[in-house]
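S.K.: Here is how the chains run, residue by residue.
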Amino acid sequence: MRGRVLHRISHAWARAEMCVAAVLAAAITCLVLLNVVTRAMSASIFWVDEAAIYAMTWMTFLAASAAVHFSHSVSVTLLTDMLPRPALDIARRVVDAIVLIFALLMLWLCWRWFLPLDLARAGFDSVAFQGETFNFIYAEPTLTLGIRKFWLWLIMPLFAAGLTLHAVSNLVHPRSETAAP
Amino acid sequence: MTAALFLVLLFGAVPISIVLAMTAMSYISQSGNAVLFDSFAQQMFAGTENYGLLAIPLFMLTGELMNEGGMTKRLVNAARVLVGGFRGGLVWINLLANMFMAAIIGSAVSQIAVMSRAMVPAMEREGYDRGFAAATTAAGGLLAPVIPPSMLFVIYGVLAQIPIGDMFLAGILPGLLMAGSFFVVVTLIGLAAEFPKGDWMSAPDALRAILAALPAALIPVAIIGGIVLGIATPTESAAVASLIAFLLGWLVYGELKPSHLSALFLRTAQNASLVIFMVAAANVFGWVVIYEAIPQKLAALITSLTSDPFVFLLIVMGALLLVGMLIDGIAALILVTPILLPIATGDYGISPFQFGVVISINLALGLLTPPVGVGLYIAASMSDVKPTAILAALWPFLIAVLLVLLAVCYFPSLSLILLD
Numbered sequence: 022m023r024g025r026v027l028h029r030i031s032h033a034w035a036r037a038e039m040c041v042a043a044v045l046a047a048a049i050t051c052l053v054l055l056n057v058v059t060r061a062m063s064a065s066i067f068w069v070d071e072a073a074i075y076a077m078t079w080m081t082f083l084a085a086s087a088a089v090h091f092s093h094s095v096s097v098t099l100l101t102d103m104l105p106r107p108a109l110d111i112a113r114r115v116v117d118a119i120v121l122i123f124a125l126l127m128l129w130l131c132w133r134w135f136l137p138l139d140l141a142r143a144g145f146d147s148v149a150f151q152g153e154t155f156n157f158i159y160a161e162p163t164l165t166l167g168i169r170k171f172w173l174w175l176i177m178p179l180f181a182a183g184l185t186l187h188a189v190s191n192l193v194h195p196r197s198e199t200a201a202p
Numbered sequence: 129m130t131a132a133l134f135l136v137l138l139f140g141a142v143p144i145s146i147v148l149a150m151t152a153m154s155y156i157s158q159s160g161n162a163v164l165f166d167s168f169a170q171q172m173f174a175g176t177e178n179y180g181l182l183a184i185p186l187f188m189l190t191g192e193l194m195n196e197g198g199m200t201k202r203l204v205n206a207a208r209v210l211v212g213g214f215r216g217g218l219v220w221i222n223l224l225a226n227m228f229m230a231a232i233i234g235s236a237v238s239q240i241a242v243m244s245r246a247m248v249p250a251m252e253r254e255g256y257d258r259g260f261a262a263a264t265t266a267a268g269g270l271l272a273p274v275i276p277p278s279m280l281f282v283i284y285g286v287l288a289q290i291p292i293g294d295m296f297l298a299g300i301l302p303g304l305l306m307a308g309s310f311f312v313v314v315t316l317i318g319l320a321a322e323f324p325k326g327d328w329m330s331a332p333d334a335l336r337a338i339l340a341a342l343p344a345a346l347i348p349v350a351i352i353g354g355i356v357l358g359i360a361t362p363t364e365s366a367a368v369a370s371l372i373a374f375l376l377g378w379l380v381y382g383e384l385k386p387s388h389l390s391a392l393f394l395r396t397a398q399n400a401s402l403v404i405f406m407v408a409a410a411n412v413f414g415w416v417v418i419y420e421a422i423p424q425k426l427a428a429l430i431t432s433l434t435s436d437p438f439v440f441l442l443i444v445m446g447a448l449l450l451v452g453m454l455i456d457g458i459a460a461l462i463l464v465t466p467i468l469l470p471i472a473t474g475d476y477g478i479s480p481f482q483f484g485v486v487i488s489i490n491l492a493l494g495l496l497t498p499p500v501g502v503g504l505y506i507a508a509s510m511s512d513v514k515p516t517a518i519l520a521a522l523w524p525f526l527i528a529v530l531l532v533l534l535a536v537c538y539f540p541s542l543s544l545i546l547l548d
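Chains A and B, in that order, are what the protein sequence lines are. Just so we're on the same page, our numbering is the position in the first sequence counted from 1, plus 21. Just so we're on the same page, our numbering is the position in the second sequence counted from 1, plus 128.
No wet-lab data here; the hints were simulated from the structure. Note that the structure is a prediction, hence the values are computed from the model and not measured. Idealized CB from N, CA, C, for every residue including glycine. One thing to keep in mind: the hints can contain errors.
Sample of chain B residues with no beta-carbon within 12 Å of chain A, all distances over it, derived [unchecked claim]:
1. M129
2. V209
3. F214
4. V313
5. D333
6. A341
7. A345
8. I443
Okay, the calculated bits of chain A under chain B, using three or more residues with CB under 8 Å as the criterion [claimed, not checked]:
9. 43 to 53
10. 112 to 120
11. 127 to 135
12. 141 to 155
Using the sequences provided together with the hints, build the complete structure.
M.R.: Encoded structure:
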């Protein structure tokens, strides 16, 4: 029962991830076209390239997390395909568990990188934070977008959290019941 | 230990990108460079920060739009005019249409996916074996990496820091040679097995089919023209091509509605992210390559074996076939180019263009070779046959590509003559 609720949350989250990813794919197309048009009129907008690249980055990590829910990832199934049905189910569970381990490791790595507790301890003052930790994550600027880069980097913890949700849900909920998007 | 983990995860059906990232994690924890963990997520993110990579979703979108907008169908029809009446005509059509499509889609995997859906049911209806139909389609997909615009060439050009337009020129002759060799293979198979016979179209029908396909031909012209003339980067010409494909499908062919776009963007996001996420994971995997100084060790080993560029290329071919079997084309390209290119140009004086053509064909070949040929699995799942059934019909094509590859290695002019 709990598995079913969790699965529903995971499903809704994966759909939301794919929705945003699709919007970003459309944004990439428009931004690159905008670049072509403005350059042809010798009026290039300098931040468009960088915006298109980060739209792609966000699209990639959002869809990569959703791929775990929808089982879209590319993997080598040559050996596992030869297994009889019960063994195949066990092998799939093992893969689900490995994906969960990866997701948790990613969460931990993002924690090490963003150091949220140290930031809070420094009173959200990035200069004091840097003096404490020699971690310059909150100071790094973007080249042309005019915002701090950590706003863009936030996709990594978001990705790790989504991945963890989908991986846990896959583990407690049989995979065969997951529906297509 | 790291190598063992890599193999266990890879063959245990763990997603390839996660295999790469976890191998890198294991390497870092063993090598004692724990400080690398602090920038691990950042390094993954940085793997996607590349302007050239934008071409990937855009080319995929163009492919989707062409398919949904009825352009694929019309190109297949135009091919039917040329060869439809021959015995085994549909096989020829499949190859010809694949050649057109190769000039547009630029990714072997998505080309195989698109063409399997279009061609395999049609061939089966005319009485071909489904495994053979899927094999012909998969073989046609091998043309994608060489006929411009090729995704592998885009990424190779970014990595090797050479003009992507010139890289496309270098691929034209080898691509035509490959297509020619496929026609020879099909003829030989046709002599052995009795292919079903198709019908010739009447002259007015033929004219209509060709006229209908003409606007679709704008797309490769826009892509290649834009890049070669230096008007647009490959990324920009891909965006322009997707716009043209959309307008043609909507206004000229009337098969596409703006309301279809959301589903197309969804599929583009899904498929492009598979590839780009792999690039991101390969970026952390690259640490393993760099910290172990693999290029230097390898260069020392190979130069002690031979000083002949052709023999070097043969060694590379063998190694890449193996790599291509294990790792998907684009990820493999990203892994091997930084290792092998300095050796090829520095120690053996091979042109980076010739080298790019050789490794791209090589890795595409790997796409269709078990155990990991992603293209093989996609063709199998799209046409609902076992990979082994496809392989049984595919091997003559693989041998043909291998022969072309040897020729491209032996005669540098095949890839360089159009550049002069």
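S.K.: Each hint should be assessed against the structure and marked as holding or not.
M.R.: Verification of the supplied hints:
no.	hint	result
1	M129	holds, 16 Å
2	V209	holds, 33 Å
3	F214	holds, 37 Å
4	V313	holds, 25 Å
5	D333	holds, 36 Å
6	A341	holds, 25 Å
7	A345	holds, 21 Å
8	I443	holds, 25 Å
9	43 to 53	holds (count 8)
10	112 to 120	holds (count 6)
11	127 to 135	holds (count 5)
12	141 to 155	violated (count 0)
In this structure, only the earlier hint numbered 12 is contradicted, and the remaining ones agree with it.
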